[in-house]
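Q: Sequence:
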Amino acid sequence: MKQTAGLTTLQHFTLSAKKGVPYDLYYRGSRILPSKNGIVIDRGGVLDLGTYFNLFSWDKWSLYTGLESLSLIVDVKGSCVVTIHSLDENAKVLEESVTTILSRGEFELEVPERLFAGKLAVQIEAKSPCMLISATWSSAKLPFKHSSRIAAVFCTFNRDEYLFENLNVLKDAGMDNLDVLIVDNASRIEQSKIAELGDGFHLFHNPNVGGSGGFTRGIMEALKSRENYSHVLLMDDDIRIEAETVRRSGVLLSCLKPEYDNHFLSGGMMQLDKPHMMFESTARWNGMRVKNYYRDLDLTELENLCSSDQDIKANNKYAAWWYCAIPLKKDTDTQLPFPFFIYGDDMDYSLKRASGFITMNGIAVWHEPFTKKFSPLFKSYFFCRNTLILNSLHHRKFSVLNSLVNAWSHFYVQIFVHDYRSASLALDAFDDFLEGAEYITALNEQELLKDKNMPTDFKKRSRDELKNTYRIPASFRRWYSPWYFLHGKLAVYSHDEVQAEIRSRNWKEIIILTLRFWKLNLSGLYRYYPASRSYRNLQRSTTFWQNRLDTAQGLQSV
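When we follow our numbering, the leftmost residue of the sequence shown carries the number 542, and every step to the right adds one.
Honestly, I wouldn't trust all of these hints.
[As the list claims (entries may be wrong)] Under the rule of at most 20 Å between Cα atoms (straight-line distance), these lysine-lysine pairs were calculated in the PhoX-like manner: (1) Lys870 to Lys765; (2) Lys798 to Lys686; (3) Lys686 to Lys815; (4) Lys560 to Lys765.
[What the hints assert, rightly or not] Here are the computed distance ranges between Cβ atoms for each label pair: (5) Lys734 to Asp998: 36 to 42 Å; (6) Gly1029 to Pro816: 38 to 44 Å; (7) Pro670 to Val639: 30 to 36 Å.
No lab work stands behind these hints, which were simulated from the structure alone.
These figures come from a predicted structure and were not determined experimentally.
A virtual CB, placed ideally from N, CA and C, is assigned to each residue, including glycine.
All chains should be built: construct the whole structure from the sequences, respecting the hints.
A: Laid out in structure tokens, this is it:
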């Protein structure tokens, strides 16, 4: 944390936009011109910094840290008028403070207490040609300030382009209290490439045990380290991120009140293909499906920034692991994530370990929409299987009947859209779940991926191929699926709405799969509760995980 004249820097203003990202996530205004040295404002021009990355959430900082003072530090060249607005949740101005600057230099503008509410936004009006070189929000009174040390963990599998871009961002962040642990599930990144980044970057080759195994390995390495880390910061390898997001997170974690010690810091996810749109800022799991909070929120609208940066009180909330800081405690080594391989690990760990969640404007990453990644193996096997496990772990009231209904929905939706490959995978998922935790944790995921990851047939179709087909989008509503079943031939489109898969109704497949389905349902009546108990009784210690990693490494070496 930078300290200037007794001040602790809380937030740096981000004055340059990432390539492909709308500039109005950072700044807006009239008669302004960004440059490599700052933002130039022509005489009479106005620079508005009331944006996603540059607003100051006084209400959140005060709530989480007990913040008692605030200053705006600006480095400007030229004469200008600096106005600080205090905004309510509807973006209406509550109070304002106006300061005139007549010369070049760095100035500390104390924020008066009457502005201590809601969000704080800055506007700069140039009285002569002017340049804003830098700006920070800083404070001299942080009553709960303490030392923290963060281990950022990337779990990666053959995504070097994204990974090294992110590693360089963290290198440039210049944080003394941050180390970076790279867990390479493909075991192919060379140590020399990581060494070039500096002493704070550490590489661990790992067997391919999925995201849950990769992140758990990172947590275990953080626990073993002599660095006495206070938090692990879990991040997907294929995100895009601002260095300021990580810096801001580090400062916040170093100033938290004691009652927030067991909270998870949850970064929002913005859409990589629509970088001004929020996909999620925490979510809720209701036993059947996920509710994403603030989905499709336009982050260029000031009203949205003020109204959405609020804590939502709800049961079964969770923080996704594209960007999530988790406190390390004395019992973490006996309370590690469940070996889901993919999907569900972040939900489970939040429900198991988090006492609450910390969110804030400007703490978010960009990530590709998950709909583009959904394969039949993911949506019909891992999603179905891990949903059943999640409910066994965290929804004790979720009875065998609830689980059977859940399995029915997964199965019959695929039957109705003539996707017999996915219907079979859903049955495999239910069958494997009923085998219990010992069976699931002994699975060789490499063989599972080879055996079950069947290819799809999505491609551009000619008019002749589409003749006599009923066309449905990839994002079709599940409750419409019985209607689709009435059509003997379907053209099911992928999420790009360009490629399609042609599927035909096959009564032989329907009969075979339905018979298997009902046989599984009957066996599920007596297999469900023993299986459900086995997941709750699984000991997720470092010993368990080390044995699992050693076994996976041995299988991978064969």
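Q: For this structure, which hints from the list above don't hold up?
A: 3, 4, 7
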